[in-house]
Amino acid sequence: MSLNKYTFAIHALIFLCMLLGLLVPFWPLAAVGVALAAFYSGMYLAAGAGLAFDLLYGPPTGFLAEIHFPFFAFALVCCLLRVGALRYILERGDIGRV
Amino acid sequence: MTTISNSRRKKRPTLRSILFLGLVIISAGAAFFWRDALASVLWRAAAPLMSAREQGADAAGVFFSQFGSNAELAAENMRLKAELASASILLMDREILRAENADLKLRLGRVGETPPVLAAVLLRPPGVPYDTLVIDAGKAEGIGEGDLVAAGGSVYVGRVAGVYAHSSRVVLFSSPEQTHEVLLRGTIPLTLKGQGGGSITGELPVGTEVAIGDTVLLPGIAPQFAAKVTSVVRREGESFQSVYLTLPVNPFELRFVEVHKKFDVTQ
Chain A
1 MSLNKYTFAI HALIFLCMLL GLLVPFWPLA AVGVALAAFY SGMYLAAGAG
51 LAFDLLYGPP TGFLAEIHFP FFAFALVCCL LRVGALRYIL ERGDIGRV
Chain X
1 MTTISNSRRK KRPTLRSILF LGLVIISAGA AFFWRDALAS VLWRAAAPLM
51 SAREQGADAA GVFFSQFGSN AELAAENMRL KAELASASIL LMDREILRAE
101 NADLKLRLGR VGETPPVLAA VLLRPPGVPY DTLVIDAGKA EGIGEGDLVA
151 AGGSVYVGRV AGVYAHSSRV VLFSSPEQTH EVLLRGTIPL TLKGQGGGSI
201 TGELPVGTEV AIGDTVLLPG IAPQFAAKVT SVVRREGESF QSVYLTLPVN
251 PFELRFVEVH KKFDVTQ
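Residue numbers (our numbering), protein chains in the order written: chain A, 1 to 98; chain X, 1 to 267.
Because the hints were derived from the structure by calculation, they are not lab data. Remember, it's a predicted structure, so these values are computed and weren't measured experimentally. Keep in mind that a hint or two might mislead.
[Unchecked claim] Quick list of the computed label-pair ranges, beta carbon to beta carbon:
#1 X:L104 <-> A:L20: 50 to 58 Å
#2 A:G62 <-> X:G109: 40 to 48 Å
#3 A:L20 <-> X:V41: 18 to 26 Å
#4 X:F240 <-> A:F15: 45 to 53 Å
#5 A:V83 <-> X:E76: 29 to 37 Å
#6 X:D103 <-> A:F15: 31 to 39 Å
#7 X:E145 <-> A:L20: 30 to 38 Å
#8 A:N4 <-> X:F32: 33 to 41 Å
#9 A:L16 <-> X:E100: 49 to 57 Å
#10 A:Y88 <-> X:A52: 40 to 48 Å
#11 A:G62 <-> X:G152: 54 to 62 Å
Using N, Cα and C, we set each Cβ at its ideal position, and we do this for glycine too.
Build the full structure now, drawing on both the sequences and the hints.
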């Protein structure tokens, strides 16, 4: 599979997860879509989608009420994990040598 | 061979990350201050999609029901007929009492009820991560924040917490950390706390009589059924007993709700 096809497949999967998160009554799919976007696509897409889900679902109740935007926070955490993981791999794998 | 030193790579944040951080702060701030307005815009676009999904689910249900076996369908038909017969009798009794109640209130100078607003449920748990509903009636339909939401008649399930242009957000009584002052069997005051998933809990002094099946009503002149006792736990040596309740209907299966104006219930 070429890089373009791979990128297309990942983006299709991300959008499918997000759409199904709304259409199928099962919200974890939306969270999976946001996580996939953070790890495999751009950070902007993940943060934007997270914020959109927070606006659609409304303010959280219970212990999440303090966070106000839990999907957005989740997207940011995933982005940070991605950056951290990339840095770790670059350092461990000695990929600095070109 | 070119070598990029690790220390150089880690040096300072790139312009891209600064831009991302700036955008995150701006968008989070905008969402925090204009949450309702932005949600209203999003729901304006999402509501037709959700309505189409509900209609699609109905159509699929009708289509797949054709493949059920005749024996199963006949058995289900018999069961439903029996349930309908008993429900009709209960409903007759209820309607008589309701009419009498309304008549008495009118004679005593209390204003009659305004008709509730019927709304379809667009999102319900587990489609929403919290114990909330999104319904397809909003400001344009006369919905206001704090209005009581009933599954039907006087069986209440929650309150309107957010109102958008053509949709609203309903927080169920069972929503986590939500507390409500209610009356057990219409007389004993009780504070209930939501646990999520349609479950509610409360505590009563050990001497108080409470049994499984007891009802809990919201205080007010009209009878407002809010929950049913499903379990009572008494522990040795403790002066309080825990009461576990569930909403009168399963919130996961709610298709339509009635929104009653806040004005009515405070009368």
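- Message: Tell me the hint numbers this structure goes against, listed in increasing order.
- Response: 5, 6 and 11
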